[in-house]
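Make a model of the complete structure from these sequences and hints.
There are 2 protein chains.
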Amino acid sequence: MQTPTLRDVADAAGVHPATASRALNPATRGLVNAETARRVIKIADSLGYRPNPIARGLKTAKSGTIGIVIPDLTNPLFPPILRGLEDVLEPAGYTGLIVSTDGDYDRERTLVESLRSRQVEGLVVATAMLEHPLLEQLHSEGVRMVMINRRPRGLDVNSVTPDDGVGIELAVRHLADLGHTRIALLAGPQTTSTGVARSRAFHTSMRDLGLPDDPALSIECATWTEAAGAAGLRALRAAGAEFTAVVASNDLIALGCYDVLAECGLRCPDDLSVVGFNGMPFLDKLAPPLTTIAIPHHQLGGEAGRLLLEAIAEPDRPARSVLLPPALVVRGSTDSPGRSGRPTRQ
Amino acid sequence: MQTPTLRDVADAAGVHPATASRALNPATRGLVNAETARRVIKIADSLGYRPNPIARGLKTAKSGTIGIVIPDLTNPLFPPILRGLEDVLEPAGYTGLIVSTDGDYDRERTLVESLRSRQVEGLVVATAMLEHPLLEQLHSEGVRMVMINRRPRGLDVNSVTPDDGVGIELAVRHLADLGHTRIALLAGPQTTSTGVARSRAFHTSMRDLGLPDDPALSIECATWTEAAGAAGLRALRAAGAEFTAVVASNDLIALGCYDVLAECGLRCPDDLSVVGFNGMPFLDKLAPPLTTIAIPHHQLGGEAGRLLLEAIAEPDRPARSVLLPPALVVRGSTDSPGRSGRPTRQ
DNA sequence: CTGAAAGCGCTAACAG
DNA sequence: CTGTTAGCGCTTTCAG
Numbered sequence: 005m006q007t008p009t010l011r012d013v014a015d016a017a018g019v020h021p022a023t024a025s026r027a028l029n030p031a032t033r034g035l036v037n038a039e040t041a042r043r044v045i046k047i048a049d050s051l052g053y054r055p056n057p058i059a060r061g062l063k064t065a066k067s068g069t070i071g072i073v074i075p076d077l078t079n080p081l082f083p084p085i086l087r088g089l090e091d092v093l094e095p096a097g098y099t100g101l102i103v104s105t106d107g108d109y110d111r112e113r114t115l116v117e118s119l120r121s122r123q124v125e126g127l128v129v130a131t132a133m134l135e136h137p138l139l140e141q142l143h144s145e146g147v148r149m150v151m152i153n154r155r156p157r158g159l160d161v162n163s164v165t166p167d168d169g170v171g172i173e174l175a176v177r178h179l180a181d182l183g184h185t186r187i188a189l190l191a192g193p194q195t196t197s198t199g200v201a202r203s204r205a206f207h208t209s210m211r212d213l214g215l216p217d218d219p220a221l222s223i224e225c226a227t228w229t230e231a232a233g234a235a236g237l238r239a240l241r242a243a244g245a246e247f248t249a250v251v252a253s254n255d256l257i258a259l260g261c262y263d264v265l266a267e268c269g270l271r272c273p274d275d276l277s278v279v280g281f282n283g284m285p286f287l288d289k290l291a292p293p294l295t296t297i298a299i300p301h302h303q304l305g306g307e308a309g310r311l312l313l314e315a316i317a318e319p320d321r322p323a324r325s326v327l328l329p330p331a332l333v334v335r336g337s338t339d340s341p342g343r344s345g346r347p348t349r350q
Numbered sequence: 005m006q007t008p009t010l011r012d013v014a015d016a017a018g019v020h021p022a023t024a025s026r027a028l029n030p031a032t033r034g035l036v037n038a039e040t041a042r043r044v045i046k047i048a049d050s051l052g053y054r055p056n057p058i059a060r061g062l063k064t065a066k067s068g069t070i071g072i073v074i075p076d077l078t079n080p081l082f083p084p085i086l087r088g089l090e091d092v093l094e095p096a097g098y099t100g101l102i103v104s105t106d107g108d109y110d111r112e113r114t115l116v117e118s119l120r121s122r123q124v125e126g127l128v129v130a131t132a133m134l135e136h137p138l139l140e141q142l143h144s145e146g147v148r149m150v151m152i153n154r155r156p157r158g159l160d161v162n163s164v165t166p167d168d169g170v171g172i173e174l175a176v177r178h179l180a181d182l183g184h185t186r187i188a189l190l191a192g193p194q195t196t197s198t199g200v201a202r203s204r205a206f207h208t209s210m211r212d213l214g215l216p217d218d219p220a221l222s223i224e225c226a227t228w229t230e231a232a233g234a235a236g237l238r239a240l241r242a243a244g245a246e247f248t249a250v251v252a253s254n255d256l257i258a259l260g261c262y263d264v265l266a267e268c269g270l271r272c273p274d275d276l277s278v279v280g281f282n283g284m285p286f287l288d289k290l291a292p293p294l295t296t297i298a299i300p301h302h303q304l305g306g307e308a309g310r311l312l313l314e315a316i317a318e319p320d321r322p323a324r325s326v327l328l329p330p331a332l333v334v335r336g337s338t339d340s341p342g343r344s345g346r347p348t349r350q
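Chain order of the listed sequences is A and B. Following the numbering used here from start to finish, the first sequence increments by one per residue and tops out at 350. Following the numbering used here from start to finish, the second sequence increments by one per residue and tops out at 350.
Derived by calculation from the structure, the hints in this document are not laboratory data. A few of these clues could be false.
Unchecked claim - With a straight-line Cα cutoff of 30 Å, these simulated BS3-like cross-link-like pairs (lysine-lysine) come out:
id	chain 1	residue 1	chain 2	residue 2
1	B	K63	A	K63
2	B	K289	A	K289
3	B	K66	A	K63
4	B	K66	B	K46
5	B	K63	B	K46
6	A	K63	A	K46
7	A	K66	B	K66
8	A	K63	B	K46
9	A	K46	B	K63
10	A	K46	A	K66
11	A	K66	B	K63
Unchecked claim - Cβ pair distances, simulated, as ranges:
id	chain 1	residue 1	chain 2	residue 2	range
12	B	A59	A	Y109	26 to 34 Å
13	B	A331	A	G342	39 to 47 Å
14	B	Q141	A	A65	28 to 36 Å
15	B	G214	A	P95	52 to 60 Å
16	B	A59	A	T114	14 to 22 Å
17	A	D108	B	G214	49 to 57 Å
18	A	D91	B	T7	24 to 32 Å
Every residue, glycine too, gets a C-beta built ideally from N, C-alpha and C.
Structure below.
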């Protein structure tokens, strides 16, 4: 016999399927004679009955699934977030459908369509794109969602993001405390909300601390990658900028700096201090271990999950933005400037 | 109006839902007047109709989903495998449901149950456990599946695994070529099939190359983690073993060695050469960059996907095992022995 | 408290 | 070629 159905249980218990259904569902169990309920339940699990959520979903219009849209699963940023999400979704009886968009807008459209056709009850979206017609459309169509890593401007949408402002300030202040004054910024792409937020925070922090906020000391990296980080630092140096420390908008960009330093025969932190952002795994194994601003990824995923579940349960609840506090993790890539005598100079 | 149903399309086109269904499904489109079909299709997408795979699944007993069971998503080994899988599943119209078991057997049972109740059509399983009643049970119940990273002994089950034998031999030969003769093994847990296979391959390779296969030169790590790797190397040193190189059964265990070396004031590769296994990301950024045996993760996922799709399409096809060729990636953690004069010694 | 009946959206015989 | 009928497994009125 194949996996038993509700009918089989009902037959075996000598009751109507409807009664069996009520007995088996904790929420409706009260509607049924305690004795009958007990019997049905016993029979159900002696038969190894497992309810079929698909059939249930067809009736109730609840699939028990939520769509998770991320740029790329192999970006080490995401797995811990996904675990955090999973840890709240699973106990609530939800399963996540994860898709990787590779940052491709059309692919994202297609994948979101496919998720919606699979009747997901909500979406967790991790695009950083500033401009995003798709999101606005989804929002206007009443799709429940929460954004992570991006706070949508104008849009009344749930979000959970690291507090970029305090994160960057932590980084800048740390460098200032070490005695750095000429601090450069390798900004992330300004087409992304995090890129913009971190850049803005950098300039604000510099001014707040009375440090020179020289435009020549910051440059935009085209992508959030090592290659772009390397290119950025090279360009800064080629332009003749002088600085003893650099704040990278994320860890991968910081790693790109390591490549450039190696290729120029410079040393970190002696010749240049570097601070990353995110707190990826294995940063402590690098040479030198990277000082970074750590984000509570797992918690971020968890908050996103909770927000989404609430949005599903209470559709009228207004959207909320939760900001997670980042932490400065000091490691070997930052030190007082000029330890080996001379500042970085072209 | 909510998302339109097949009925809406049929009504708008003035045909019966069944006809609309046939027209919309490429496989049955031939059964319908080309003209009618065209009209239905046009109406369908003018209405923005998207078929509901859940309803379809209920009827056809095909959910279009695959369960993917891994120990831990945050293990950097898995994301590329999952991408490889996704890249073959998605075009085939399948979606993966990913669960992390944390290596916990009970949790695994529960999660697999939950996947099965969600009517997955097949399972991709990445447990390395040697003993695994659950797998045998699933197999005997006729669940379509493919194992990754583990070749089940006895069980007639599809699998795709790296060729541990040639991988380890590559590692040992590389060290031998550099002039090492006393090579230690930090074995993985012998409760896992990969742990056993790699250990066996190590001993065989040593003997084949005429090197001393001294039992004192190998030790089993309790888990595949940095901590266990560190503990293993410490134990080996504490026991007074002499060796100039170590083969770690995976990259994390190798990273554990770095910690011990740092804590003892020893240097890699000068005092000890280290080679890892897997080819995790960011290994090239470590200090020193880790020499490792790289596995084609993405391809591994892809093969697993293909095998599973075939197993679903042709249930009677006999199971197959595909072995993927690993590659030696030489980096800074290996060099000739005794570069700085003295071998590692307690 | 329990049974009967209907239907979620779709597809698969079976007629016509 | 197309319409009718029935039903996937479950829940939910509505009666009783």
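Structure-based check of all given hints:
| no. | hint | in the structure |
| --- | --- | --- |
| 1 | B:K63 x A:K63 | 14 Å, holds |
| 2 | B:K289 x A:K289 | 8 Å, holds |
| 3 | B:K66 x A:K63 | 18 Å, holds |
| 4 | B:K66 x B:K46 | 27 Å, holds |
| 5 | B:K63 x B:K46 | 25 Å, holds |
| 6 | A:K63 x A:K46 | 25 Å, holds |
| 7 | A:K66 x B:K66 | 18 Å, holds |
| 8 | A:K63 x B:K46 | 29 Å, holds |
| 9 | A:K46 x B:K63 | 29 Å, holds |
| 10 | A:K46 x A:K66 | 27 Å, holds |
| 11 | A:K66 x B:K63 | 18 Å, holds |
| 12 | B:A59 x A:Y109: 26 to 34 Å | 30 Å, holds |
| 13 | B:A331 x A:G342: 39 to 47 Å | 43 Å, holds |
| 14 | B:Q141 x A:A65: 28 to 36 Å | 34 Å, holds |
| 15 | B:G214 x A:P95: 52 to 60 Å | 57 Å, holds |
| 16 | B:A59 x A:T114: 14 to 22 Å | 21 Å, holds |
| 17 | A:D108 x B:G214: 49 to 57 Å | 53 Å, holds |
| 18 | A:D91 x B:T7: 24 to 32 Å | 31 Å, holds |
The structure fails none of the hints (numbered hints given earlier).
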